[in-house]
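Enquirer: The lines below spell out each chain.
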Amino acid sequence: MTTTYGGWAGYILRVNLTTKVITKETTETYHDYIGGMGIGYKVLWDDHVDGIKATDEENQLVISAGPLSGSGAICSARTTITSRNPVIRNHLITDGHFGGHFSPELKFAGYDAIIIEGKSETPVWLKIVDDTVTLEPADSLWGVGIFDTFANISKLMGQQAQVAAIGPSGEHLVAQSTIQTQGGHSAGGHGAVLGSKKLKAIGIIGTGTVDIAESTTNEQLRALDDHILGIIGANNNGVVPNQPQSWAEYSSTGSRWRGGPGVTWGAADNPVDVGETPWDDRQKVGMRTSMAEMYFGRDEANKIFKRPGGCHSCPIRCFCEVKNPKMKTEYNLPTENITNVCLGFLDPWYAMGKPSSGEKRTDIQTVGAYYMDDNGIWSAYGQLSHLMREFTSRGFWEIILPAEEFAAINWAQYADLDAHFMQDFYTRIAYSEDYPGSNILGRCLGRGLHEFINENGELYNVEDILNEVDTPRMAELTFELESDADYDLVGKTYSVFLDKNMKVFNRSMVGGVHHASESAGQVGALLNTVFNRDPQCHSHINLINCGLPHAKIAEVAASLWGEGAFDPVKHYTAMNTSKAKFAKWCLVKNVLHDSLTLCNWMFPLVVSPDANRDYIGDSSIEAQMFSLVTGIETSEAELDAMAESVLQLHRALTVLQMNEIDQRNKHDVLSEWVYDLDHDMSFGDEGTIKMDRDDIQIGLDMFYAEMGWDKETGVPTRATLEKFKLGYVADKLESLALLPA
Amino acid sequence: MITRRALLANGAKVAVGTVYGGTLVGFLTGCGSSDDAETPIVEVIPGGLMVVNPILCVGCRRCEIACSWSHEKSAVSPSTSRIKVAKNLNFGPHGVQPNYQDQRGEQGDSTIVPSTCRQCDVCMTVCPQEAISVNEETGARVVNDDLCVGCGYCADKCPQQVITIDKTTRKSLKCDLCEGSPNCAQVCPTGAIKFYTWEDAIAEVELHEKYLELV
Chain A
3 MTTTYGGWAG
13 YILRVNLTTK
23 VITKETTETY
33 HDYIGGMGIG
43 YKVLWDDHVD
53 GIKATDEENQ
63 LVISAGPLSG
73 SGAICSARTT
83 ITSRNPVIRN
93 HLITDGHFGG
103 HFSPELKFAG
113 YDAIIIEGKS
123 ETPVWLKIVD
133 DTVTLEPADS
143 LWGVGIFDTF
153 ANISKLMGQQ
163 AQVAAIGPSG
173 EHLVAQSTIQ
183 TQGGHSAGGH
193 GAVLGSKKLK
203 AIGIIGTGTV
213 DIAESTTNEQ
223 LRALDDHILG
233 IIGANNNGVV
243 PNQPQSWAEY
253 SSTGSRWRGG
263 PGVTWGAADN
273 PVDVGETPWD
283 DRQKVGMRTS
293 MAEMYFGRDE
303 ANKIFKRPGG
313 CHSCPIRCFC
323 EVKNPKMKTE
333 YNLPTENITN
343 VCLGFLDPWY
353 AMGKPSSGEK
363 RTDIQTVGAY
373 YMDDNGIWSA
383 YGQLSHLMRE
393 FTSRGFWEII
403 LPAEEFAAIN
413 WAQYADLDAH
423 FMQDFYTRIA
433 YSEDYPGSNI
443 LGRCLGRGLH
453 EFINENGELY
463 NVEDILNEVD
473 TPRMAELTFE
483 LESDADYDLV
493 GKTYSVFLDK
503 NMKVFNRSMV
513 GGVHHASESA
523 GQVGALLNTV
533 FNRDPQCHSH
543 INLINCGLPH
553 AKIAEVAASL
563 WGEGAFDPVK
573 HYTAMNTSKA
583 KFAKWCLVKN
593 VLHDSLTLCN
603 WMFPLVVSPD
613 ANRDYIGDSS
623 IEAQMFSLVT
633 GIETSEAELD
643 AMAESVLQLH
653 RALTVLQMNE
663 IDQRNKHDVL
673 SEWVYDLDHD
683 MSFGDEGTIK
693 MDRDDIQIGL
703 DMFYAEMGWD
713 KETGVPTRAT
723 LEKFKLGYVA
733 DKLESLALLP
743 A
Chain B
175 MITRRALLAN
185 GAKVAVGTVY
195 GGTLVGFLTG
205 CGSSDDAETP
215 IVEVIPGGLM
225 VVNPILCVGC
235 RRCEIACSWS
245 HEKSAVSPST
255 SRIKVAKNLN
265 FGPHGVQPNY
275 QDQRGEQGDS
285 TIVPSTCRQC
295 DVCMTVCPQE
305 AISVNEETGA
315 RVVNDDLCVG
325 CGYCADKCPQ
335 QVITIDKTTR
345 KSLKCDLCEG
355 SPNCAQVCPT
365 GAIKFYTWED
375 AIAEVELHEK
385 YLELV
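Chains A and B supply the protein sequences, listed in that same order.
The numbering of the first sequence is this note's numbering, which starts it at 3 and goes up by one.
The numbering of the second sequence is this note's numbering, which starts it at 175 and goes up by one.
Looking at chain B on its own, in the form it has when it is part of the complex (with noise of 0.2 Å):
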């Protein structure tokens, strides 16, 4: 059995390449389709995260839009979204290149490369207040806001640099999967990004780590 240990070290090695066909797109979220349906929900478990393939990303950036509206105060912006899209967006996970018409990014060769929380243990680990906790029902590593003092250390120490500390009121600001209903799932046009279980996360995560290499 693949374990989330060795997924998050990056240790599964499955093939890719798979042709993504209409009948797969939106088969995990499975979200609800007709005008003013009721709000769809997209399953979590525990033992999950959420991916984007980057085959699939269009760039449109409502995820981070619908990220900023599902938590507190309804404030737009890629710094209070939990999911980065824009760090990445016109040149690619490594910044301008001499050769930055071959790396990724819309300047590049148009993929983008979207960075989500892996909902592994390192900010977890670091924050000296105890403050990020799992939640058992969804497998998240949260934050406790009445213990997050804004040291950055999470931020800092972040494998995929998705933690921001909000400018205003001094608080991480990272991933936790909407309590279980991730908003940013089920706005993607296009069904790029999706909550998988650690089992079926290696191929999508390999996937994905394929394109934070420089070209």
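The shape of chain A in the complex, shown without the other chains (with noise of 0.2 Å):
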């Protein structure tokens, strides 16, 4: 049984809200996925239906922690939920992630993971403390707010309860929504799975423990943590500051090592001067984030931050805690704070159109987050916004909106960079079609916009979507901007794999560009083919971002993927099989951490803040902590391994999803601007992010190969499925024609 290792908590509930029956079952059948993510995947693998989409009855949706959470192990508080996804084409499966208490919480209460079944008929929310599991009635909680959601239900649970709730728009089958727990954590596309099935919220009492392995003493654990607060940096692994410190041999613009002089909590009660925050004073670790100034500009920062805050057991608080009087004052809000970290600000920024830091751009963030947030919206990583400020630009609105839905609209308030423009928006998305009027602009941002283009990014009439028109027609949309001629694409008809500004990466995914080729050239541009979503993979970042010169990193990146596997960000080489590596790696790391589960915003750490050990991190840290934790000696290879078995699980169940074995042609496809892009320039040029086709072809050679996958299709081969435990997965693919030859 699972009491013969520490860090699983060793049991499973199923939660079946047709027939209202809940059950346990054990995790020590998902062991060899390690947790997390890969219970997700096995979950989703194990129940497989043809052709439904997210909002069917017969999808699930698994949230699960893996065996570190609740342990204590350093930025273990990430909690996975696995899904059909209605933002993505043929909803295909996704993970979304949230931190906060959540995880833990779960684990103390005795359970790795929840999985959701079915859908009833009425609200309900699902209620756990500790052994006593019910579902109990959520009619006076449907259509509240989140926050009042959460509030709502600690009252009834006890103010220690940790919640996670969807808002309106996951009630309203809002595609670009969230489920979200305390504090603005949010995952991603899964809201209106919830919504579907009526479950409101989930609220946990856990009094029990996470057990460590008997093995393992307290002085091994401690120990651990204060090897890695050696080595940590700052948030995405920041690891020297962003400014010069006295005690720094290097500073760069590009960590998020933010603390620093000139760095206030201003907005503390006694405003805290953060000071110098030396890699060495463990007591400043919690203090060298400190990134308001990141999303507000430093002035702004310095009067509005409170403090950072963030995960159970994360040191490193990348969270921002804010405070805004004028959220009451002059947008009359019931609350003067907002808690979020990166697109939970950037986003109604981004779709306001990115104006300069000052107290507009403050006011458009702390009060889009806090409508985004109440609301549970969710901007698939900017898409939303994206689409919002391009159609703006574009004058595209007022051809897709009826003339009296156009006029209803404060545009004038848009131009004038009014927050209070703020409200109506989000309210449009969220409420879909219970907003007065006919609210095609909520409707449509809301929706997806897979739903919207055709194969060649071409957008369809919006309306004929939303009325599921079955031959609808085209929006007859066209290029008419001015930097459009640089492209000579002025009078073509729009699509939205041209624009640039719209930023979709991956033509599959039509999500926002995450950490693609203006990161790490190929890397990151390998990195977008194969999730079904924006990857949410920080594996690269954490080290081409860590602000150490350039040199050091490429000779750290040779050392573990051989030479030439990063290139300085913007002149780019070919492609090689070091960078086919590296990007595997990345992808084996993301999905270890997700199912661990474990923050991949800080993790790995393959480079440290230490002169001493020459900037050299430490890349097993995770396989040291699951070996302290589980009493289970894994080695680093042991542990990537399993992670890459569930990376595999992964590819296979796409394949399954889409039942296409042309992954190559019909998911790994990329958008025509990030070849176009920088007209003037050539792939390789200094100073451009520009990729090019014949070189990615190269590079999905050479990544499937690292994969072990069929070339020519893109699919695991039986023999790569085999080595890592699948066998049975080949079975099934075989049987359905979907295994390469």
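Hints are supplied without guarantee of correctness; some may be wrong.
[As the list claims (entries may be wrong)] In silico DSS-like pairs for lysine-lysine, Cα to Cα no more than 25 Å straight-line:
no., chain 1, residue 1, chain 2, residue 2
1, A, K55, A, K22
2, B, K341, A, K26
3, B, K247, A, K129
4, A, K157, B, K331
5, A, K129, B, K341
In case anyone wonders, no lab produced these hints; they're calculated from the structure.
Put the two chains together into one complex; each comes in its own frame, and the hints tell you how they fit.
Expert: As structure tokens, this is what we get:
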């Protein structure tokens, strides 16, 4: 039984909302898949149903923790949510994640995962207090914003409850919706799945423990913790400060080690002058990230930043707790505080056209973040806001929207960068068809871009799609901007695959670009071919954005994957096998983290801020953590192999769900702008991130070879699947003619 | 001279309003720094207590974890921790109020107010087994497991509500200052929790108590 191991809680809850039957099963079934994402993909493989939509009753949703969550291991509070995703073409499987304190609480209650099945007829919420698990009526919660939902459930259960919930957008089956937990932590794309099941929220109180293996001593745990603190950096493992500091040999403006002289937690009751943040002052580790200035500019940040925040067990604190009194006084919100990070603040800013820092930007980002989170809206890594901004700048909305609706939208507010626009904007998206009037704008933005484009990225008539017309007309949109002339596009049919500002990187995913060719050339580009949504992969970012000089990063990369693995950003050389190995390594580590469940926004730590170590980190930390916590002595290579098994299963499940063997031409295809941007430059020129079509095809050849995937189709071969104990997967694919010969 | 009794009676009145500069952070704990350094030691002397500064607390709960890691079996849980962060984490010391947005906690004004043992005498006084006594070297009120019967009087009467009865062992879990090396302070990434002598603790306790009040 699992009680012989540390780490895993030992049980998985299976909650059938149709029958209202709740059962417990052992986690041991999933040990080969580690946990978290591994559990999610295994469950969805085992219970695969052809051709279903994300919001169909047959779809399952798995909320899972890994063996490290709740153990106290550094940065181990991620929660993975796996299900079909309505924002993705064919509603393919994706895994989203949130941080916070949810997965540790789940473990304290005695569970590694919750499998949600079926569909309730009436709104319910799931109440978990250790062994007592019940479905409770949620009629009074349906329609309530996420923040009040957290409060209501916490009042019912006890204030120490950790709650995850959907907002009005999920309830309205808006594809671009989140599942969110307390403190602004959200996982994208699956809010509508819970909405379709009428599951409003999950509240957990766990009074048990996450046991560490009996063979492990407290001293060993502390020693590993000390070791990690000695080599960990700031967010995204920035290992040098953003600005020069007296103790630092290097600094880099790309580093998220923002805490330093001039940075103040200015909205704290007693302002905290962060001062220098020496790498070896362990009681300033939690101050070194302090990165509100990344989102607001330093002057604004020093006024509104109250403190950094984040997840259970994490000393890095990438979240920004912000206090903007105008949220109350000018925008009539019930709070003046908001917490978020990255797209939580940036999505409203993108939508409004990326205004420069200042009070208007601050208001847009704080007020926008409030409405996004309270409604539970997902940006698809900015895709939603890129669409809003680009269609506005191109004058498309005036063409697409009925005249009456266009006139009803306060475009003057938009043009004036007035944050009051945020309320109506996000309400339209969240309430979809229940918003008064035609609301084509909100319904379009909330539905997922893939629904509105053909194979060439050209837009259908939006109303025809919303009305589910069998043969929709085309939208008849054309390129007309002056900047389009450089690309000889003026007058041609508009395509999102041709528009670099729309940032659709992968034609299959139709999601926002996320650390692709702008970060690591072909390595980032190849990463963006594999997952079904933006890859959310930071394995490469945590090295290449560390802030060390390029020569040092290249040296580390060469030592791990071979010469030429990492080019200077925006000065790329041709594809080589070292880059293919680098790309594979990134994905394996990413999957490992999402299975353990560990933060991939910090790990792996292949570099460190310690000059005494020549800035070298330790890539085996995950294995050291896993070994100590579970008691199963596991090497880095062995643990990576387990993660690769999950990655191979992910690829196979994509093949199965698409019922498509030709992944190379139907899934792993990049948008045209990736190759065509910077019209006056060529691939390889210094200063451009553009890729080359033939070079990327060579990249796929090399990457598939590293992955053990068939060169022609990009599907795992039988030999590869059997190597990773996935013979049963090969059998199923073969029976469906989906396995390469 | 300020006495411990006066402090515990909340009688000390010292103005608060310090600007926390970088040089102040960590001065009491003085942790070692380099990778694989020897375990840092927090200086604990008889007649003191651990206090958290709510302005500096960033809610990571590493103190809870370190507490769990520093006592017997390595079973991590807010239940086995002697410092309590989780109970006030989301909505503050008074739970979910109608104006929760204005109260403390992650869902309020984002101020987190962990509770620590103040090494007062209440648990020792109410224990019918006389299982709690003073460790002369550290000043901590410590539980003798051989005498403890898990009746829970200490937990019920604890003014800070930081004592738990272990569900498995049925023994009282209370702060023992880690026999002079409090792990909670050693792992705090912002220096929010520190050991103070009674004299030094007055302002910190008063600041802490300010955040225990309803807004």
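Enquirer: Please go over all the hints and tell whether each is borne out by the structure.
Expert: So, going through the hints one by one against the coordinates:
no.	hint	result
1	A:K55 to A:K22	22 Å, holds
2	B:K341 to A:K26	22 Å, holds
3	B:K247 to A:K129	29 Å, violated
4	A:K157 to B:K331	24 Å, holds
5	A:K129 to B:K341	21 Å, holds
Violated hints amount to a single one, hint 3; each of the other numbered hints is respected by the structure.
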